[in-house]
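Asks: This is what each chain is made of:
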Amino acid sequence: MTKRVLIIEDDEQLGAQLDSHLSKAGFATTWLKAGRELAPDELQGVELVVLDLMLPGLHGFDLLKRLRAFSDVPVLVLSARSDTTDKVRGLRLGADDYLTKPFWPEELVERVRARLRRPVLERAGALQIGALRIDKERRTVSVEAAPVALTRLEFDLLVALAERAGSAVTRQALAQRVLDPDRDGDERTLDVHVSRLRKKLGPGNLIETVWGIGYRLASGRDE
Amino acid sequence: MRLRSRLALATAAAALPLVLALVWWDAQAQQRAAETALIEFTRSHLEREGWHARCEAAPETWSADGAPDGPRGPRAPDEAEAHGAAPHEPPPGAPPPGGPRHRRPAQFFAYDEALGSRNPSAPVLSEGLKQSARGRDVTVLPAPWRSATVEVLLRVADGQGPCAYLLARGTTEPWLGAILPTTRIWITPLVVMFAAALLALGPVIARIRRLTEAVRRSALSHYTEGVAVVGDDEIAELARAFDGAARDLRVELGEKDRREQALREFLANTTHDVMIPLTVLQGHLAGVRADLASGKPIEPATLAAAMDEAHYIGALIGNLALAAKLDSDSPDLHRGTVDLNALVTRVIARHRPVARQLEVELESALPGAVVSVDADVTMLEQAVSNVVYNAVRHNQPGGHVAVILDTLGTERFRLRVLDDGPGIPAGELARLVERGFRGNAARTRAPNGQGFGLDITRRVAELHGLTLSFDRSQDGGLQVDLEGACGAR
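Chains as they are written, first to last, in the working numbering: chain B, 1 to 223; chain R, 1 to 489.
Some hints could be false.
As the list claims (entries may be wrong) - Short derived list, chain R residues pointing at chain B, Cβ under 8 Å: (1) G314; (2) H334; (3) A349; (4) R350; (5) P353; (6) A365; (7) L366; (8) V370; (9) D376; (10) A402.
Unchecked claim - For each label pair, taking beta carbons as the anchor points, the in silico distance ranges come out as: (11) B:G166 - R:D339: 17 to 25 Å; (12) R:L285 - B:K101: 18 to 26 Å; (13) B:K24 - R:S328: 38 to 46 Å; (14) R:S5 - B:H59: 49 to 57 Å.
In case anyone wonders, no lab produced these hints; they're calculated from the structure.
Predicted model only: the values in this text are computed from it and were never measured.
Ideal Cβ placement from N, Cα and C applies to all residues, glycine included.
If we strip away everything but chain B, and leave its shape as in the complex, we get:
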């Protein structure tokens, strides 16, 4: 389902670019070219507002303040100013995030997506990441419904990665969490366990190596 994003930007060129890039990224956009008070029904179905601060008519801050009186919709503020006071004020008035100009379209899209991303579904101690399903209670793992037998350490390792799916986790953090220094050895042992785990999970290489950091479990989202 396409998500609705409201863009409030007075600059024609920048507004057109924001509109085009967010549309291409799969959002349904509405572009408002001046600052004015928003009516609650204008925000019907809007999941995020991209708000420029320097607007003719009603200033972005005032618009934000009035909008916050009736809506909790996430607001991403675009600011040309690199002043801390402005950012702090924006956040205090209820902005969820800010983006300082200049920015890349990808940066904007990524920030909008991050804001709208649903947390990893975890129901009754079970994690579902793409085809991978982890039952933390029963300590069982399945890929495309096919059960995968893991050792205690491999299971803990997978859970540690799955809990932060899509984000890199440092070797050090993983080692601290799953390795017993007296029995299991150091960080290098971890690589061995990871390679075993990868084999067991099968093709698709769900566990990525991240240079300089450690490993990451692919989030399974199609972005």
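With chain B fixed as given, assemble chain R onto it according to the hints.
Replies: Frame of chain B, contents of chain R only:
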């Protein structure tokens, strides 16, 4: 109001009531003295022989003139009697010895027991006055305001008939003389004092004018000229204060000039620094257009370079703006609780599009719990951004950059930026943290290049009490650590 007129007005305001009070007091004393003298004189007249008979004989015309000898007491006044023909008979004697001033002689009128007079020129007494005067030996008639006339009413001993009472009319003249001298000489010292005060003010005013002129001259010369101090009184103190203010202003203006000069230089440098990458960017764009025109496929490398150049301009301007803030005498930090996880996420998001174009993998790892620090979010973000961008920009295609935020214990955090780029020679590593160091390695064309961004980072770290250290990473690249205390203030 000018100083002189103010002084004149103040003097007059102080002197006038005093003079008026003295004159009023003098008039009172004069009045009382005249009354006493008139009563005395009338009494002595009453003791004389024969007047009573004459009065009784023609009460409608009887009158007598006598001159009391000044207010201080009559001295054997001559008596003259009217013989019906003239109501006012000049006194036969010499004029009273009260001085050259003319003094009207005292005048008598006869009244009966009911205080009525048959003499038509005698003043008519009011009923109230009759009431109060009846039976009394001496009655002083109330004197009208500002009048020099004194009237007393005396009862004739065993007096009956038309001459039972005698009204004597005298004068308080001359006007002054009771406590003030009769001559107006006393006005002279007053006038002299008045003039002296105004005269004494002359040099003071002249000095103030000179001082005003000196201050104006000093201002005209932009305070390079001081204000001369003469003497050691209040005016000299004022001059000294002006001189001190001028000296302070001189220092301030000098400081301002210096700052303005620095700002001009800064602007010139900024323009220069921005123009180079902008020119390169234009070159790339022109190349792309030329490729398109000649039907050649666009070089992805050219586009990547163009994007990098645009990104570099953005970073440079951010750094220049921050440098301007840091260069001010007291950079004002807007400290607040900063979510470091979010900050790192923003920095990564900012540089990832360019890293992708440069084929450099940019990854980050954040701790599960949010790491908060007390900092100016803009400054800290720019500082971290510089280190990350530095690692991306000076890498090669296929290279990596890793940003790792970690907590050391519960009190401290460490932000590590690793790359597998060419790194920095060991000899230069230690010098990276020195003030104003610019890397020798030709890592960038721009004159301020990498050294500038890292210098900003170093200064921000210093301002926030963070430790910045440089080391070689395992893969020979650069490892930059930023460490500091966690927690909101």
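Asks: Against this structure, judge whether each hint is valid.
Replies: Cross-check of the supplied hints:
A hinted interface residue such as G314 of chain R counts as satisfied when its beta carbon comes closer than 8 Å to some beta carbon of chain B; here the least separation is about 4 Å, so the hint holds. About 4 Å separates the beta-carbon of H334 of chain R from the nearest beta-carbon of chain B, less than 8 Å, and the hint is met. Among the interface hints, the one on A349 of chain R holds; its C-beta lies about 5 Å from the nearest C-beta in chain B, closer than the 8 Å criterion. The beta carbon of R350 of chain R comes within 6 Å of a beta carbon in chain B, closer than 8 Å, and the hint placing it at the interface holds.
A least Cβ separation of about 4 Å between P353 of chain R and chain B falls short of the 8 Å threshold, and the interface hint therefore holds. Proximity of A365 of chain R to chain B holds as hinted, the smallest CB-CB distance being about 5 Å (cut-off 8 Å). Interface restraint check: L366 of chain R against chain B, minimum CB-CB distance 7 Å, threshold 8 Å, status holds. A hinted interface residue such as V370 of chain R counts as satisfied when its beta carbon comes closer than 8 Å to some beta carbon of chain B; here the least separation is about 14 Å, so the hint is violated.
Below 8 Å, beta-carbon pairs count as interface contacts, and D376 of chain R has one with chain B at about 5 Å; its hint therefore holds. At its closest, the beta carbon of A402 of chain R sits 3 Å from a beta carbon of chain B; the interface hint therefore holds under the 8 Å criterion. Remark: the range hint 17 to 25 Å for G166 of chain B to D339 of chain R is upheld by a beta-carbon distance near 19 Å. A C-beta distance of roughly 20 Å is found between L285 of chain R and K101 of chain B, which places it inside the suggested range of 18 to 26 Å.
Between K24 of chain B and S328 of chain R the beta carbons are some 43 Å apart, a value that agrees with the proposed interval 38 to 46 Å. Restraint check, S5 of chain R to H59 of chain B: a C-beta distance of roughly 55 Å satisfies the suggested window 49 to 57 Å.
In the structure shown, a violation is registered for the earlier hint numbered 8 alone.
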